[in-house]
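If you read the protein sequences in the order shown, they are chains A and B. Residue numbers for the first sequence follow my numbering, so the first one is 6 and each next one is one higher. Residue numbers for the second sequence follow my numbering, so the first one is 618 and each next one is one higher.
Note that these hints are calculated values from the structure, not bench results. It cannot be assumed that every hint is accurate.
Unchecked claim - Quick list of in silico lysine to any residue cross-link-like pairs, SDA-like style, CA-CA up to 25 Å:
(1) A:Lys103 to B:Leu1208
(2) B:Lys1192 to B:Asp1218
(3) B:Lys1247 to A:Asn47
(4) B:Lys793 to B:Arg814
(5) B:Lys1247 to A:Val64
(6) A:Lys103 to B:Thr1233
(7) A:Lys103 to B:Tyr1253
(8) B:Lys694 to B:Phe780
(9) B:Lys1247 to A:Ala52
(10) A:Lys103 to B:Glu823
(11) B:Lys1247 to A:Ile21
(12) B:Lys1247 to A:Tyr11
(13) A:Lys103 to B:Lys1192
(14) B:Lys793 to B:Tyr1253
(15) B:Lys1247 to A:Ala61
(16) B:Lys1247 to A:Leu37
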Amino acid sequence: MGLEPYLFLSATVFCIGLFGVMTRRNTIGILLGIELMMNAVNINLVAFARYTAMAAGFVFTVFTICITVTEAALGLAIVILLFRVRRTVMADHLDLLKG
Amino acid sequence: MMANSGALALIAWLLPIFSFLVLAIVFPFRRLGRPAAWFSTLCAAGAFASAVLAWRIQSVAAHPVHLVWPWLPTAGKTIADVGVLVDAQSTIMLCLVSLVAFLVQFYSVGYLHDEPAPALGRYYAYQSLFAFSMMGLALAPNLLQLFMCWELVGLCSYLLIGFWYQRPSAARAAVKAFWITKAGDVGMLVGIVMLYRLAGTFDITELHSMAASNALPLAGLSIITFCLYLGAMGKSAQFPFHVWLPDAMEGPTPVSALIHAATMVTAGVYLLVRTDWLFALTPNVLLIVAWIGAFTALLAAVLACVQDDIKRVLAYSTVSQLGYMMTAIGAGVASAGFLHLLTHGLFKALLFLGAGAVIHAVGSNDLPNMGGLARRMPQTALVFIIGTLSLAGIPIFGGYVSKEEILGAVWGAHLTGPFLLLMLVAGLTAFYMFRVVFLAFFGTPARVAAVAHAGAGHTTPPRVAHAALHNEAVVEGAHVNETPHAHEPPATMLLPLWVLAVGTMVVGVMSTFHLGGFAAAEAAGETAPGWLTPTAVGVALAGIALAWATYQMRAVNPESLANAFGPIRSAALRKFWIDDIFEGIYSFVLLGFSRIVGWIDRYLVDGVLNLLSDWTVQAGDELRGIQTGKPQDYVYGIGAGVLVLILLMRLVF
């Protein structure tokens, strides 16, 4: 199998994630979208690591997974706090930065 | 022997600056007051002694002594020297300056005995600096040094007019004097620089020889001499720059005697005397000098007739006499003007110091507060009358011959208009001076008389009432009643008065009978017609008689006399609106200029800035709509940005 199918898969997953981030009104949904985008990157890294036979790609993938976990934990913590304060997690209502 | 007179003049010049430096640097000594005063007076006395010695040598010497050191050297030659040019003219000026400076400093010890010690030290430091500057002006070998000393005397005048700087009027007068003389000085500086461009030298001797050998190009010379004359106009208080001199009377009276009567104000006349060969090349400017001089003389004499302040009468009289000197120079006989400068220096200093003694005794400047002082202070009255007779031009008194010479010179130059004006002035001079004499030294104080009149049910003459009202605001009531207790001044003040009175008499007698140095001068320039002397003396006597009839005998009611000259008198009381015109021009120009500048600042500078800030605010207002605060809109933004970047990379690179 060549490189292209993996890259297509990665791009597809990334676009699904991006679509989720852009369209979901729920903050948790947005976080899920971000998660998908991260995993698209991971697929990309692993595919290239296999293709070029360089171990560095795998190592980076492990790093990314760790970071994704912490990011998800932080993001969820923020969402919970936000809910406590604002009684909502809908992104449309969180417009404190409106000019 | 020749070098000797140069060294003596140098000593005379440098002694006052030594005294000034000691007083300025050793400030504990200055703050002692009285010792500092005596030290400065001693230096002035030394200066006078060496000035007299220098004059004795130089008056018989054949050649002037030119003692200079190079200054401002450039390749090949020096632009200007600094030093002394000692000849008969400069040494006699030196004698006058140092004599009056010495006497005034001596007199001031008595006059200013109530001053606190530090202020007295400051006063003497200024006095010494003034003596140095004025002598430097008299001895200047080139126009550059003359200009520097010219500015220095202006500075000293400013400092001494404003000696009582706590008084707002004194501070104002000082600034006024400074500014008006400065206006003339700018012209003078321009004239000196233009002359340098024309002749290539500042040196007076070189310029003289160039003028004598017709080496000076005549084109443009008129402008140069007129510029020089502008400086002289400012310093010597010629119309329309005369307005500062009466206000300068805010200074202490001895200062008025020294600076604003005998020496500094004559600097302008001295400059013209020094460069009369230059002015002789430009007869059109001389004509202006003569006419302005004569007009100034008349204007100031009329103004002097309506003044109630004794010092202001003397101030206007000084302006008037300066006009006399200028007219003589304008008539081309600078020697007559110079002679009048010298005699005037003596008797006007005498009059001012005498007025100072009166003010000291009465405690007021105003004539209505005086009267009957001849019984209380006979010596002062005597010397004051000597000075007055000199000023009026009565034979055997100081001002007689010099005045006749001027009138003769003006008649000889066929300047009929100025001559008639001067004749009128001669009568007016005698009138207003004897008005002062009769009001101050004879009769009863007008204010006391006015009170008596009012008590007896008479209507008080408006002028007297006005003066009395005015005085009450200025002088405490106690001062008015002091007049009966007025007494002779202390010896430090009487002695200078007597010295000046004797000096005036000696000069007067010698000149009237053509004795000594006057014999040669008389023989040289006797051009006046025979009827001139009797006419002039007759006019003066008529003036005296009118004053006597009006103010002593009360045969002529002062009020009806005043009413006869109604419009002139009311105009003179407003100083012919000259001060108002100056103020009007001043405020018109200044306010107009500030209005323009204010408009530019308000509408141009501020306008541009306001426009820019308005635009910024408006742009912010327009753009705030895209800042929705919703996270997803920002994500759209990021996405769009990435797309644009990708497109750019595809298309451009």
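**Asked** Out of the numbered hints, which ones does the structure contradict?
**Response** As far as the earlier hints go, 1, 2, 3, 4, 5, 8, 9, 10, 12, 13, 14 and 15 are violated by this structure, in ascending order.
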